[in-house]
Amino acid sequence: MRYAKGAMLTPHLEFEGLAVPGMAEAAPPRLHEVATPRQARQPAPARGLSLQADDVGKSFGEREVLRAIDLRVEPGEFVAIVGRSGCGKSTLLRLVAGLETLSSGALRLDGAPLAQHREDIRFMFQDARLLPWKRVIDNIALGLTGQDARERAREALSQVGLADRANDWPAVLSGGQRQRVALARALVHAPRLLLLDEPLGALDALTRIEMQRLIESLWRRHGFTALLVTHDVSEAIALADRVLLIDEHRVALDQRVELARPRSRGNAQVAAIEEQVLQRVLHDPRAA
Amino acid sequence: MNQAVSIQGEAPAAGAKPATGAAGHSSLSANPLLQRLRAQALPWLVPAAVLLLWEAASRFGWLSTRVLPEPWAVATAFWSLSASGEMWHHVAVSTGRALSGFAIGGGLGLALGLLTGSLRSAETLLDSSLQMLRNIPPLALIPLVILWFGIDETAKLFLVSLGVFFPVYINTFHGIRNVDAGLIEMAKSYGLSGWALYRQVILPGALPSILVGVRFSLGLMWVVLIVAETISAQSGIGYMTMNAREFLQTDVVLVGILLYALLGKLADVLSRGLEHWWLRWHPAHQARAR
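Chains as they are written, first to last, in my numbering: chain A, 1 to 288; chain B, 1 to 290.
Chain B with its partners taken away, still in its complex shape (with noise of 0.2 Å):
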């Protein structure tokens, strides 16, 4: 039965097999550079007609500039700017707050959880806390943080401390705690305690759970800043896009949605980078460096 079903099953692709496949030989015979080229060149036509066909629209009226700008104009936008240093300004601005926002969140959020894994008792203390804190979106207390600090840099700092302070909290603490307690137990009767132990089994073991932490903080981190800048702000991306809103300036804004895009895609490059050499070990990362 199985048998006879496989055998009928075969017999149209066997017979279609042939046309398709003395197509594909013979270009690739032909010229396997261009082949090549071709399947790594497919994936951006897509994006690319896109950008014409948005050109092109731009071009013929069929839409507004208030809409959105054709994107030679993005483009141009984007090299004045950066010619003219405001840009860079901004992104410095931006980028100096999230990364300060993310050492002191990530900062704690490791050192909590650091010791809420290690310890039971500080566990029993603060952990319940902690996680019914977890349940509050950071940008929910905008409204707060605004009466608390007003609209300068605290405000922008402790959105963001707090938004990239539970990923790395909880990803530490679940870390720590899964560490394989056979190699904690082989470590010790090797003669390894305290912090020689810490440093050689417990930290190595959770690593790979920290990292996971820090790479979704990072996300976070983009997000909670944008919002925060965009809310109230003297300079940065967030003020150049909202700067740009009042005077219509929509080429701007979509440079300013750009840089975002770049800083996050940045951000995870190199939280993957650090993890890469980090976890250097990892059957999964050497699996992929292979």
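The shape of chain A in the complex, shown without the other chains (with noise of 0.2 Å):
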């Protein structure tokens, strides 16, 4: 192994407190924590791992999903992916999990084939997909080997704010909960990049923000490459460093949103990028 998982998760145990929703701005910066998050992911710069799509296409039968799709994310990048319902975003997603084959290009990570990164990649589903026969802290420890299984599994409950949850039945929490019990299953297989195929689709708007400052602050700590799919531009736009747009099989939009974190919502410029893309989404090529 290239480092011990179990270490790379100790030196957060006293953020808990970001868990907190709200905490987060409360929190005072450690001193090597600096503003602007390119330079916070510095002190893990080899966390992240590297996407290269190259000339991706997948078809389902005679329906073609994708076509030709030229993609590079830097490591430690948040990208986001965008796009009408049945666009191909999910599955473009699926692919570099590896739930579903290529039908043509490849995809690389960190220049290899993906088949040598399945330990460096997690995965969030829409619908939580906990197992109801395991209760929360057996749930995140699933897959988990080694002794400390269940430590490392206590610790990441903790970091999404549950840590009092960890006996219970998955089917004594609410929709919000279950997805934070979900993020903490992947992360603590510390992935070096994590897959979010619409995990906020089901959640109400309040548990929504929520959990998007909890993604955005766990991934200023871990530092992994994001790939976030989502139908809600505005969320795209507060979270991620480059929001993508898959419009009739291709990518049709490369939008890069260069502003400080945490984003605010009511912002000009989130504004005004947000409108941007929208007015792409709702099929005027001739707009970007």
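Worth flagging that the hints you see were computed from the coordinates, not collected in a lab.
Each hint can be trusted.
Some chain A residues close to chain B (C-beta under 10 Å, calculated; not the full set):
#	residue
1	Lys134
2	Leu142
3	Thr145
4	His189
Not everything, but these chain A residues come out facing chain B in the computed CB check (under 10 Å):
#	residue
5	Leu131
6	Arg135
7	Pro170
8	Val172
9	Ala186
Quick reminder that beta carbons are idealized off the backbone N, C-alpha and C, glycines included.
Got two chains here, each in a separate frame; can you build the complex from them with the hints?
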């Protein structure tokens, strides 16, 4: 192994407080931490995987979903993929996760084929997909090996602010709590690439904002590369370094978002970019 | 329009309410404990009345003991049979037959259900044959079974095993097939495969369905055993009742019937308990627990 997975999480134990929404701003920044995201990620430069897609295509039988997708994602970058429903954005994510097979082209992670990085990729589904017959803590420990599996699971759970729900059944949790557990389950594997397939799609507006902050803070903390599929353009702009729009089977727009974090929804620049992307989504090819 | 109807509809109800409300209120305030006791005793009123009527009918000679013995006689028969140890011997023999038949038939049903549920090739090879056999009632095989195995233990074991096999098999098969594909996909992408995937995801996912099969087959287990023991046996509850019939001991016959009822109920309670423990994660069971 390149690094000890358990060790990765340990320095962040004191970070528990951040999991509570609203606390993020209140917590004093630590010495090495500076306001801009790029610098903040520097403590762990090798964490994120780079992604390279060359001429990627995917068809289900006769139906073409993706055509000639070319894409570069830098290590540690947060990329959001937006598009209408059925545009193939989830399919692209599932291809990266290895849940679907490519019809054409190639996907490489840090220059190596997907199969070599299976352990470094974790996927968060739209529905939490917790095993209902395992308690929260055992759901997080799913697929972990070693003596300290439970201990690491407990740490991950406290990072999402649910340490006190360790022994509950998933059935008694709310939708937002289930997604938090699913997030902890993904993080406990110390992924270098986290794939998020509309994980907040089914949550109410307030819970969504809480979860967005949580995801952002954990991404800044751990420095993984993040690929987020969402149908919510404002969510994409609130979180991502880059927003990709997939339309008519291909990448129709690649928009950088160079704004300081955490971004507030009322911000005029955020609104301007949102408007720009929305125009493009609403089928005005000349707008971009 | 709607409003008018509802107002008219409410008027008589509102008028009637004070009368019943006052009556219920006075007794409730008089003694809430008595009220609760009455609510619990009420369901037993009809059975108790039937029992009393039956006892009276026997005492006054309206009911011949050849048709039905008096309840008291059944109770004393139960007592003397149990005191002599004869009844317990028969109960033990019957329970042993039932459980070993259940173990063989249920075990085979579980194993084959897991096999056909998990492997497509096993399904194409076996499932349609098993579905054909399923439509034969096990009791219809009795003449054949007697020819094959005679009338001793093997015949009873075979019949019980056959009876419990299909409910377990079918529910196991469907349980495995209906495990949420999303959960399997998730578990695979989190690095689970092979036996770990089977034990942590597929088996627990199929468990609710398997337990439904177990409960069905426990009911069938007694039905088949009763018939098998009634045809021919040298011991067991069925033997006891058939023997009693020869000597017109209707009280003993009734004791046998009661024993079957009690054992069947016991099996059901046990399987419910098992379900409650194994499926304690299930929302339905949590709701019941609260």
